[in-house]
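Protein chains in written order, with our numbering: chain A, 1 to 161; chain B, 1 to 161; chain C, 1 to 112; chain D, 1 to 112.
The hints are simulated quantities; they were obtained by calculation from the structure and are not laboratory data.
Certain hints may be false.
Distance ranges between label pairs, derived from CB positions [what the hints assert, rightly or not]:
1) Pro12/D x Ala52/C: 28 to 34 Å
2) Arg126/A x Glu91/B: 32 to 38 Å
3) Glu41/C x Pro76/A: 55 to 61 Å
4) Phe90/B x Ser10/D: 43 to 49 Å
5) Pro76/B x Glu33/C: 22 to 28 Å
6) Ala94/B x Glu2/C: 41 to 47 Å
7) Glu91/A x Ser104/C: 28 to 34 Å
8) Pro76/B x Ala111/D: 49 to 55 Å
9) Thr83/D x Ala38/A: 28 to 34 Å
10) Pro76/B x Asp124/A: 30 to 36 Å
11) Asp108/D x Ser104/C: 44 to 50 Å
12) Pro12/D x Ala38/A: 37 to 43 Å
Below 30 Å or equal to it, Euclidean Cα-Cα: the simulated DSSO-like pairs (lysine-lysine) are [what the hints assert, rightly or not]:
13) Lys45/D x Lys61/B
14) Lys6/A x Lys6/B
15) Lys89/C x Lys45/C
16) Lys135/B x Lys61/A
17) Lys61/A x Lys69/C
18) Lys6/B x Lys89/C
19) Lys89/D x Lys135/B
Just a few of them, taken from the derived set where beta-carbon distance is under 7 Å, the chain C residues facing chain A [stated by the list, open to error]:
20) Val18
21) His43
22) Thr94
Just so we're clear, the structure is a prediction, and the values are computed from it rather than from any experiment.
The beta carbon of each residue, even a glycine, is placed where N, CA and C say it ideally should be.
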Amino acid sequence: MVAGTKSIELSVPSRPEYVAVVRLVVASLATGKRNLAADRIDDLKLAVSEACTNAIEANRKAGLDAPVVASCWEAPDRLEVCIADSGAGFEPSALSVHPEVTDPERLSFERGLGIPLIRSLVDDLRFESTPQGTKVWMTMFGGPDSGDETTEIVRSVVERD
Amino acid sequence: MVAGTKSIELSVPSRPEYVAVVRLVVASLATGKRNLAADRIDDLKLAVSEACTNAIEANRKAGLDAPVVASCWEAPDRLEVCIADSGAGFEPSALSVHPEVTDPERLSFERGLGIPLIRSLVDDLRFESTPQGTKVWMTMFGGPDSGDETTEIVRSVVERD
Amino acid sequence: MELGLNVDTSNPTYTVIVVRGELDVYSAPKLREALIELVSEGHRKLIADLEAVEFLDSTGLGVLVGGLKRLRSNDGDLALVCTQPRVLKVFDITGLTSVFRISSTLEDAMAG
Amino acid sequence: MELGLNVDTSNPTYTVIVVRGELDVYSAPKLREALIELVSEGHRKLIADLEAVEFLDSTGLGVLVGGLKRLRSNDGDLALVCTQPRVLKVFDITGLTSVFRISSTLEDAMAG
Ligand SMILES: Nc1ncnc2c1ncn2[C@@H]1O[C@H](COP(=O)(O)OP(=O)(O)O)[C@@H](O)[C@H]1O
Ligand SMILES: Nc1ncnc2c1ncn2[C@@H]1O[C@H](COP(=O)(O)OP(=O)(O)O)[C@@H](O)[C@H]1O
Chain A
1 MVAGTKSIEL SVPSRPEYVA VVRLVVASLA TGKRNLAADR IDDLKLAVSE ACTNAIEANR
61 KAGLDAPVVA SCWEAPDRLE VCIADSGAGF EPSALSVHPE VTDPERLSFE RGLGIPLIRS
121 LVDDLRFEST PQGTKVWMTM FGGPDSGDET TEIVRSVVER D
Chain B
1 MVAGTKSIEL SVPSRPEYVA VVRLVVASLA TGKRNLAADR IDDLKLAVSE ACTNAIEANR
61 KAGLDAPVVA SCWEAPDRLE VCIADSGAGF EPSALSVHPE VTDPERLSFE RGLGIPLIRS
121 LVDDLRFEST PQGTKVWMTM FGGPDSGDET TEIVRSVVER D
Chain C
1 MELGLNVDTS NPTYTVIVVR GELDVYSAPK LREALIELVS EGHRKLIADL EAVEFLDSTG
61 LGVLVGGLKR LRSNDGDLAL VCTQPRVLKV FDITGLTSVF RISSTLEDAM AG
Chain D
1 MELGLNVDTS NPTYTVIVVR GELDVYSAPK LREALIELVS EGHRKLIADL EAVEFLDSTG
61 LGVLVGGLKR LRSNDGDLAL VCTQPRVLKV FDITGLTSVF RISSTLEDAM AG
């Protein structure tokens, strides 16, 4: 299902003030490890923010003190971020479709913008939702930095004189 | 043993490039949630960097692919950060004592500065080390921000119209 | 991480609310409360200056849309000042560019 | 997150290496390699300008101490330029303030 290996996992309480730190971590990983352009990193931050906001709300609605868990998976050609909650789940395909953006009715939509936003920002979006919780998988394509010095540096650190 | 409740837990691969993200997360939490002065946040970042560097080295020496796990614990009067590895452990009290700082011998110490640094930077330092792994507990005293609006904000978010 | 809000009532017609920082689920409620208060105080022509907004997500958007609705139903308006591509992009994708009057400068917003 | 290193050989006596960014276990090996290369190229009077260093921990310190040893054993020296309190603090606590010659400006470092 997942193409990469897990690098970072971050678990935060289901409270609004922790969404910022999830954005920070994902952006830091994307900046340091990938050759994603700055605007694509902004896209990923926004998508992560939307998914975390929904995950927090799902946990709270279920009356759970469970954390929201963000994990990052890296493969040569992509970065995947998974946002997981323990809420009651939902049926993504059943979400109501918004009126056309030119429709004046648009104004009545203060909510329901999150998932459409995520969909237009990331390269791939998958949901795994059960009554025990939801995982939102978001993929950004883009290879790692050309000069991969990691192995060398690790060696020189371990052997430092 | 621990006075607070866990807020954030961050798990990173045992590789040097991930120490920066641990510093980032701890600093972000300390900045957003505590009334720690900027220089105390710098102290905590430095202490966390030292503990993570040791934890990565311990995992690598043990030939383990295990992650380094950073957790933050918050209590009204303190912030505790725990850095945990799965390495072979050590006996903190057996660490060799450095020559006096005025001693010219000082120059031979390219290493062994980490734990003395941590000790002088944080308000409290505790080690739990076994052959299965080490936990380094670092405490900074300092209460939460005066105006705690969290509860209100959560309520208004959940009830947003 | 902190949201900054500054209200400028020096112009007789337009009340300007300058928003700084990250507008997300944590901070958006503060903006909503500020907008509600301004409306209840009788302000009708509002301009939200978003030039110093570093991050905006759909919760922040929702508060702006809510403010706009509240003002329009009181014969008022909420105009925006924004030139930042990453913020404009969020309005674009969600189709809200056509709902809000978005200007490049405060002067343009007041002229409109 | 990235470490920046710039070497300035325009002064006939002193070679200046300007260090930018975070100096930790990830980036310190790059500085060590740069110092070793400079010594092997025959540079003997080195000045490391740490004014743009945003973070320094004991691994970074260890590389500076290693460089100093290498230079002194070759009749050279490694002086530092640093005025940032948070960086100076690390030298202070570890007692390395008395081991390095630390100046406030590049001019002072070259005069010394
Ligand atoms: N992680 C989740 N768990 C349960 N339900 C969810 C989750 N994410 C989204 N939903 C459901 O999908 C709806 C639409 O989500 P979204 O498009 O982000 O808009 P909004 O959150 O503003 O309602 C939500 O109102 C919620 O009912
Ligand atoms: N988490 C740990 N697991 C195992 N050994 C450790 C750990 N932390 C420190 N040590 C031991 O203590 C020694 C001193 O650590 P420190 O003062 O940080 O200096 P340095 O890491 O430069 O040697 C290390 O060399 C190592 O042998």
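We went through each hint and held it up to the structure:
1. Checked against the given bound of 28 to 34 Å, the beta carbons of Pro12/D and Ala52/C, roughly 48 Å apart, lie outside it.
2. About 48 Å separates the C-beta atoms of Arg126/A and Glu91/B, a value inconsistent with the hinted range of 32 to 38 Å.
3. Here the CB-CB span from Glu41/C to Pro76/A is close to 57 Å, well matched to the stated 55 to 61 Å.
4. Checked against the hint of 43 to 49 Å, the C-beta distance between Phe90/B and Ser10/D comes to roughly 47 Å, which is consistent with it.
5. Judged by the Cβ atoms, the range 22 to 28 Å given for Pro76/B and Glu33/C holds: they are separated by roughly 26 Å.
6. In this structure the supplied range 41 to 47 Å holds for Ala94/B paired with Glu2/C, their Cβ-Cβ distance being about 45 Å.
7. A hinted range of 28 to 34 Å for the beta carbons of Glu91/A and Ser104/C is inconsistent with their spacing of about 42 Å.
8. Here the CB-CB span from Pro76/B to Ala111/D is close to 53 Å, well matched to the stated 49 to 55 Å.
9. Judged by the Cβ atoms, the range 28 to 34 Å given for Thr83/D and Ala38/A holds: they are separated by roughly 31 Å.
10. Between Pro76/B and Asp124/A the beta carbons are some 44 Å apart, a value that contradicts the proposed interval 30 to 36 Å.
11. A beta carbon spacing of about 48 Å between Asp108/D and Ser104/C agrees with the range 44 to 50 Å that was offered as a hint.
12. For the pair Pro12/D and Ala38/A, the supplied restraint of 37 to 43 Å holds, since their beta-carbon distance comes to about 41 Å.
13. As the CA atoms of Lys45/D and Lys61/B are separated by approximately 37 Å, the hinted pair breaks the 30 Å bound.
14. At roughly 23 Å between alpha-carbon atoms, Lys6/A and Lys6/B fall within 30 Å of each other, so this suggested pair holds.
15. A C-alpha spacing of about 25 Å is found between Lys89/C and Lys45/C, which places the hinted pair at or below 30 Å, so the restraint holds.
16. Between Lys135/B and Lys61/A, the direct Cα distance comes to roughly 35 Å. Violation of the 30 Å bound is thereby established for this hinted pair.
17. Between the alpha carbons of Lys61/A and Lys69/C the distance comes to roughly 27 Å, so the proposed pair stays at or under 30 Å and holds.
18. Under the criterion of a C-alpha separation no larger than 30 Å, the hint pairing Lys6/B with Lys89/C is inconsistent with the structure, at around 37 Å.
19. Taking the CA atoms of Lys89/D and Lys135/B, the gap is near 26 Å; set against the 30 Å cutoff, the hint holds.
20. Nearest Cβ of chain A to the Cβ of Val18/C: about 20 Å, over the 7 Å cut. The hint is violated.
21. Because the beta carbon of His43/C sits about 20 Å from the nearest beta carbon in chain A, more than 7 Å, this interface hint is broken.
22. The closest approach between the C-beta of Thr94/C and any C-beta of chain A is roughly 5 Å, which is under the 7 Å cut-off, so the hint is satisfied.
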